[in-house]
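Go by the hints and put chain Z onto chain H.
Residue strings, one per chain:
2 protein chains.
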Amino acid sequence: MTDTLVSSASKEVRIGFARPFVIIGERINPTGRKILAEEMKNGNYDRVISDALAQVAAGAHMLDVNAGIPLADEPAILAEAIKRVQAVTDVPLSIDSSIVAALESGLSVYQGKALVNSVTGEDERLESVLPLVAKYGAAVVAISNDETGISEDPDVRFAVAKKIVERAADHGIPYSDVVVDPLVMPIGAINSAGKQVMHIVRRLREELKVNTTCGASNVSFGLPNRNGINCAFLTMAIGAGMTSAITSPLHAEVMQAVCGADVMMGNDPDCRNWIRKYREPAADGSDGRRARRGRRRRPD
Amino acid sequence: MTDTLVSSASKEVRIGFARPFVIIGERINPTGRKILAEEMKNGNYDRVISDALAQVAAGAHMLDVNAGIPLADEPAILAEAIKRVQAVTDVPLSIDSSIVAALESGLSVYQGKALVNSVTGEDERLESVLPLVAKYGAAVVAISNDETGISEDPDVRFAVAKKIVERAADHGIPYSDVVVDPLVMPIGAINSAGKQVMHIVRRLREELKVNTTCGASNVSFGLPNRNGINCAFLTMAIGAGMTSAITSPLHAEVMQAVCGADVMMGNDPDCRNWIRKYREPAADGSDGRRARRGRRRRPD
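From first to last, the protein sequence lines stand for chains H and Z.
To convert, note that position 150 of the first sequence is 146 in this note's numbering; the numbers rise steadily by one, no gaps.
To convert, note that position 108 of the second sequence is 104 in this note's numbering; the numbers rise steadily by one, no gaps.
Keep in mind the hints are simulated off the structure, nothing from the lab.
It is possible that some hints are incorrect.
[What the hints assert, rightly or not] Simulated DEER-style distance windows between Cβ atoms:
hint	chain 1	residue 1	chain 2	residue 2	range
1	Z	Gly168	H	Ala165	56 to 62 Å
2	Z	Leu1	H	Glu120	52 to 58 Å
3	Z	Lys159	H	Ala14	31 to 37 Å
4	Z	Arg268	H	Pro66	37 to 43 Å
5	H	Ala14	Z	Thr144	25 to 31 Å
[Unchecked claim] List of simulated lysine-lysine pairs, DSBU-like, C-alpha gap at most 30 Å:
hint	chain 1	residue 1	chain 2	residue 2
6	Z	Lys191	H	Lys273
7	Z	Lys205	H	Lys191
8	Z	Lys205	Z	Lys131
Source: prediction; values computed, not measured.
Cβ atoms here follow ideal geometry from the backbone N, Cα and C, with glycine treated the same way.
Isolated chain H (complex conformation) (with noise of 0.2 Å):
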């Protein structure tokens, strides 16, 4: 049972196998969002604030923030973004950067224990961002490809994430603050995705019992109607033993497969937040507990 304990100034979120799935926000990322991108060089964050406040009110519990702007000072960009968005919201952020100075500048400034995005497989990436992830006493996505690229054995992939769960013990971060990702290929080029992701997952829970994410629309990329392929993504994954993903929480539909997911595993006391999120509106505008105790089914 590990828990990855990751919080902001005021708030703790812990990622684990018997607590509800973890949504990473993902849009705080001018990659493909040309506006945005202009804005954050230019210093304007106002849609950063608002894409931070929408995600958190449609039910993510943490944001993912990243600031990969061509030719841009990334750092502090990066840096600015973080700040804003503490100062407007309480949830835990993942600090995004392909940059190490960028991840640098962002620990430093962040207030709490963040989940540092991202280290690989690669030699070079892993002596220079577990040091700081140690430094900072933060938690890492490990992603699971190295200098031979992504493979597509899972068992490959599940080596690599192993080799970064023991490098990160060498640097003193304790497996538990390692969140692997295991990579997720689009299903519709390669069809035998999904269930390489499954097999690399439950190897992840069983064996090396760490926690882990994903890019999770990734998968359907290509293909129509992409919600309905990542809610069947999203359930499946959290059936073999995934524990977050850095997704959008703005689809109604995506939030429910996670939510419908968290029932099955049992994960949701007494289905609260079931009943919560789902019970029926009464006619007379009351919250339809009533109501509901009533209605009889008429099947035909």
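Coordinates of chain Z only, in the frame set by chain H:
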């Protein structure tokens, strides 16, 4: 890779690990349907026929036919219902009764290889139903309860299933013709019901190598937004190895969950079924393939 073959006079359906999930339409069942019960009792099969056609149109691969009406001549009504349904559809049927004489009457008129629904682990039931299944060369649903009732311990339910599979073998019925129903409890009352089912389904698949089915909608009994729970259940159960379910195909949301789960399991080659079903129609009324190719994502 166990396949359970069932058939009508002209069509075969295979329930199997590496095949799309099989939906057995549940609607032709007078239990709790007063109007249908009255009609069937009076020899009016119009609704039986329209329910059959509607379920097949909605994507049912098989249909369950039940004629359990108190104080009626169930063997005669069940046989007549089967003849009427087989006259208008070519999907294989599940012959559903708790009365052995009704099962025999249904089997005697059935064209093809039926699925007999069901036998339990009680000795008296085993010795009355299994000889019938063997005589008609049918397949059979094995429900994992016995004289002691339904255990909350999934390993006890597994043991009952094992006993039925072994007893079937004594009667010359191969394990590939036994489809086990692990029994799904309402998760609103028993929070661990989901995990119980996933555990037993995995054991049934890995150790007994049998196909599985269930009355899927029972899981959501008493909860609001039942379809949402049913979707989560079916998706996760398919991930654990469930290969068929007796449920209503008339809910688009549930059918989408099943199709999405087929994609996830790698059982929808090239996602052809998914793409055919969910391809966005183009503005010009064409099938949308061309339109989609030119569309670009505008996330802001």
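request  = Mind listing which of the numbered hints don't hold for this structure, in increasing order?
outcome  = none
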